[in-house]
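Student: Listed here are the chains, written in short residue letters.
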Amino acid sequence: MSFYFAQFLTGLSSASSLFLVACGLSLIFGVTRVVNFAHGSFYMLGAYVAYSLVQVVPGSILGFWGSVLAAALIVALVGVLVEMLILKRIYNAPELYQLVATFGVVLLMQDAILLIFGGEDQFGPRAPGLDGVVRIFGEPIPEYDLLLIALGPIVLGVMWLLLNRTRWGILVRAATLDREMVAALGVNQSWLFTTVFFLGSFLAGLGGALQVPRVSINLLMDLSIIAEAFVVVVIGGMGSIPGAFIAALLIGELNAFGVLVLPQATIVLAFVVMAVVLVIRPYGLLGKAETLAHSAGQVELPIRPASTLAKSVAGLLLAGLVVMPFLAGEFAIVLATDVLIFALFAASLHFIMSNGGMVSFGHAAYFGLGAYGAAFVIKYAGGSMELALLAAPLMAAAGALVFGWFCVRLSGVYMAMLTLAAAQIVWSTAFQWQDLTGGDDGLLGIWPSEWAKSKTAYYYLALVLCGGGILAMRRMIFSPFGYTLRGGRDNPNRTESIGINLRHHQWAAFIVAGMFAGIAGGVYVFSKGSIFPDEAAIPRSVDALVMVLLGGVQTLSGPVVGAGVFRLLEDEISRLDYWRAILGAIIIAIVVIAPEGIAGFIKKIAIKAGFERNEEQSS
Amino acid sequence: MAETMLELDKVNTFYGKAHILHDLSFKVAPGEVVALLGRNGAGKTTTMRTIMQLARPRAGSVQFEGADITRLATHKVAQAGIGYVPEERRIFGDLTVMENLEVGRQPVRDGLPAWTVEHLFELFPNLAERAGNRGKQMSGGEQQMLTIARTLMGNPKLLLLDEPSEGIAPVIVEQMAQTLLEIKAKGLTVLLSEQNLHFARIVADRAIIIEGGSAVFDSTFEDLESHPEIRDQYLSV
Ligand SMILES: Nc1ncnc2c1ncn2[C@@H]1O[C@H](COP(=O)(O)OP(=O)(O)OP(=O)(O)O)[C@@H](O)[C@H]1O
Ligand SMILES: [Mg+2]
Chain A
1 MSFYFAQFLT GLSSASSLFL VACGLSLIFG VTRVVNFAHG SFYMLGAYVA YSLVQVVPGS
61 ILGFWGSVLA AALIVALVGV LVEMLILKRI YNAPELYQLV ATFGVVLLMQ DAILLIFGGE
121 DQFGPRAPGL DGVVRIFGEP IPEYDLLLIA LGPIVLGVMW LLLNRTRWGI LVRAATLDRE
181 MVAALGVNQS WLFTTVFFLG SFLAGLGGAL QVPRVSINLL MDLSIIAEAF VVVVIGGMGS
241 IPGAFIAALL IGELNAFGVL VLPQATIVLA FVVMAVVLVI RPYGLLGKAE TLAHSAGQVE
301 LPIRPASTLA KSVAGLLLAG LVVMPFLAGE FAIVLATDVL IFALFAASLH FIMSNGGMVS
361 FGHAAYFGLG AYGAAFVIKY AGGSMELALL AAPLMAAAGA LVFGWFCVRL SGVYMAMLTL
421 AAAQIVWSTA FQWQDLTGGD DGLLGIWPSE WAKSKTAYYY LALVLCGGGI LAMRRMIFSP
481 FGYTLRGGRD NPNRTESIGI NLRHHQWAAF IVAGMFAGIA GGVYVFSKGS IFPDEAAIPR
541 SVDALVMVLL GGVQTLSGPV VGAGVFRLLE DEISRLDYWR AILGAIIIAI VVIAPEGIAG
601 FIKKIAIKAG FERNEEQSS
Chain B
1001 MAETMLELDK VNTFYGKAHI LHDLSFKVAP GEVVALLGRN GAGKTTTMRT IMQLARPRAG
1061 SVQFEGADIT RLATHKVAQA GIGYVPEERR IFGDLTVMEN LEVGRQPVRD GLPAWTVEHL
1121 FELFPNLAER AGNRGKQMSG GEQQMLTIAR TLMGNPKLLL LDEPSEGIAP VIVEQMAQTL
1181 LEIKAKGLTV LLSEQNLHFA RIVADRAIII EGGSAVFDST FEDLESHPEI RDQYLSV
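Residue numbers (this note's numbering), protein chains in the order written: chain A, 1 to 619; chain B, 1001 to 1237.
Do not take every clue at face value.
Only pairs whose alpha carbons sit at most 20 Å apart, straight line, appear in this in silico EDC-like list of lysine to aspartate or glutamate [what the hints assert, rightly or not]:
hint, chain 1, residue 1, chain 2, residue 2
1, B, K1017, A, E596
2, B, K1136, A, E180
3, B, K1027, B, E1222
4, B, K1186, B, E1122
5, B, K1186, B, E1032
6, B, K1184, B, E1174
7, B, K1136, B, E1087
8, B, K1136, B, D1094
9, B, K1027, B, E1211
10, A, K528, A, D440
11, B, K1076, A, E180
12, A, K288, B, D1094
13, B, K1017, A, D490
A few chain A residues that don't get close to chain B, going by computed Cβ distances all over 12 Å [said to hold, decoys possible]:
hint, residue
14, G66
15, I149
16, N218
17, Y578
Beta-carbon label-pair distances, calculated as ranges [claimed, not checked]:
hint, chain 1, residue 1, chain 2, residue 2, range
18, A, A585, B, V1108, 46 to 52 Å
19, B, S1226, A, W168, 51 to 57 Å
20, A, R89, B, V1108, 33 to 39 Å
21, A, A332, B, H1019, 48 to 54 Å
22, A, N493, B, N1133, 30 to 36 Å
23, A, Y483, B, A1185, 57 to 63 Å
24, A, G320, B, H1019, 41 to 47 Å
25, B, S1061, A, A332, 55 to 61 Å
26, B, G1016, A, A594, 19 to 25 Å
27, A, N493, B, N1126, 32 to 38 Å
28, A, A585, B, D1023, 43 to 49 Å
29, A, L130, B, G1016, 57 to 63 Å
The set of hints was computed from the structure by calculation and includes no laboratory data.
In this text, a Cβ means the ideal position worked out from N, Cα and C, and glycines have one as well.
Given the sequences, and given the hints that come with them, work out the whole structure.
Tutor: Shown next as structure tokens:
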């Protein structure tokens, strides 16, 4: 009994830490509508800064708490800097752009922290004055944990006072409801957003700084906390701080007790709970239906069949791809195979995004499922590559069938978050289910059949499968299925009212996209000979988003162009030190400077030069 | 008209590709109450949104007290002294009446009486009773009063009222007209859009009729009455 009580207290103390981070994230989302991936990086930065400060100040109580507060303040300033330099420019862009930009910040921060603090795991000293244990029912409970347990409700109370008893708080709450009206009443939103970022980042930094005496400080803290914080925010209801508190308690306790019951599945558990909550309460425990921020509403360009010019360019490209192996060396062939795989992967994401208006933050799930599906056939069924390449889309489609059923019930950011949760379930299963997947060590030795062993042969196989997949999706876009999807994207109510079950169409589209991503995953695993959980992780999902964005969401050829540019770019810079920072900077630059993507940019120039028809004038 | 408080000069506003306001020009003098009349879809709301820079004109200019406010940020327009009461009211539903008023609060401007919560509660007695209630618990009429009171908390010089009588019981409309006359007596300049000609005539000094995004009539109500054909052509009475 006393053991369980101790476990319960452990749950409470981790709930407090989680709440600090989630509270800031929820606040930022509620007011600015930015899904801030960089929030986890602020947390990590807080931990590193506090750790360094604690090293230099004398180990007194004042020194420790001074360091913690100073770290939180420094992080708050960094958050303000990020907001002013990057996010301010893209507040009116679709959510996706902001998310991708904040992921650019994640990459930048990873390298910045590596550069400044070094890459080793760090263990901080105990907190002076709180380094003992208290015996409760005979069980030793660290004093520091008790402090954290108290801190959660204190922060909740302070936040409540700030939001309800100050003019700032009233303005923040008003802005959460109707930004435009707040501006019309003379409130400088820009300033309001900056202060919100200050406070949100401060809380993230504080959350991180408080970890110094508890856990090891390492470079993986950012993504692991952000995934958990997203879960908490979504379960609680995005924008609701009391909701985040309840959800943090739920997840904290779930982790504390889950570890006793299902030690291999702790990460999965949280995401399963999130999925269940969202199905029962689509806007989280205390959340409200998404209020459409009053804005002029972007009109999506109609998608048209390719013009003659575009067709000839595509024909030339295809011809180039066919003769490429005769002209290029092995290295180029391998790279080209990679480009093909990622073009299909990006095209499958683009398929649901542009036609269905569904943004997936977790498309890597289906890439990973396809890859593992293929690997299982080789490893456990002794099957051939051909069979494995058949299993890949089946496995991915099966995953998309299940996850899609949940996801299409939601829309907007909530849907995106659920897709992220789905991907985290896949990733953590791959990561934790050692016996099946080899865990972090991956599955090795998955090579193509004899006839496809040469790089050139495998390139042609990839060309047929990936090129075929892309063309198949293009066909679907211009089929009645595609038109229905776009109809539903632009006007869901009208589509439903003429008797079309939009949800079924979206579900079908989700499965189709998953299946093609699965093919890409299957082709990928044989090109590398191995598979690791990383292929289903957040960065891989963001890769897909970046490729789509890079190409331009509104452009059909976008994902192909985007994948090409992205892989070549990545190949160039991944050999450099600090390639993450460079990639992050490039991502941010693209989102801020050329939000219509490369293909969109070229198209705009083509229209200007008179090669392409201008949709704006013809309709 | 010696002075001009607000002047629209050949304003052209678009929603995407749709050209809504076509070379719209008119002036409002200090202390005047001007009614913007016109059928549904004539462009009255768009005119107000353009003045607030919530819709950005592609051509033409908006001048307020001699300064060009075209392309200013919306909050700067409000801070310059223009108060906007939107057609859909847009009360902050989760905030209490007092909190809604707080959002609207701005510093006092010289030469104008400062509005306080007490004054506003005198002007709108219903609000006083419901001070602690949340916005979404109020009736349509009460919300209309709250949205006007909220805007007055900003001590505006010029008040833009978009269809204040819309969807309100006739008794309340009469009351509202009285209230507007009181506000006018305090020296506020008002530009209101209306479909209720009767209401407009009680409170306004002058009528501007908009049709297809252009001003087609700009004169007194007496003038309008002596030209029933204009009324029949442009207003759905
Ligand atoms: N967000 C928008 N996007 C595209 N067109 C719009 C938008 N808002 C209004 N319009 C169009 O602009 C025109 C003018 O609308 P506006 O709301 O200014 O008219 P109004 O005179 O205020 O009408 P009402 O009396 O019905 O309020 C209408 O044809 C309307 O359909
Ligand atoms: Mg209107």
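Student: Hint compliance check: list the failing hint numbers for this structure, sorted ascending.
Tutor: Violated hints: none; all satisfied.
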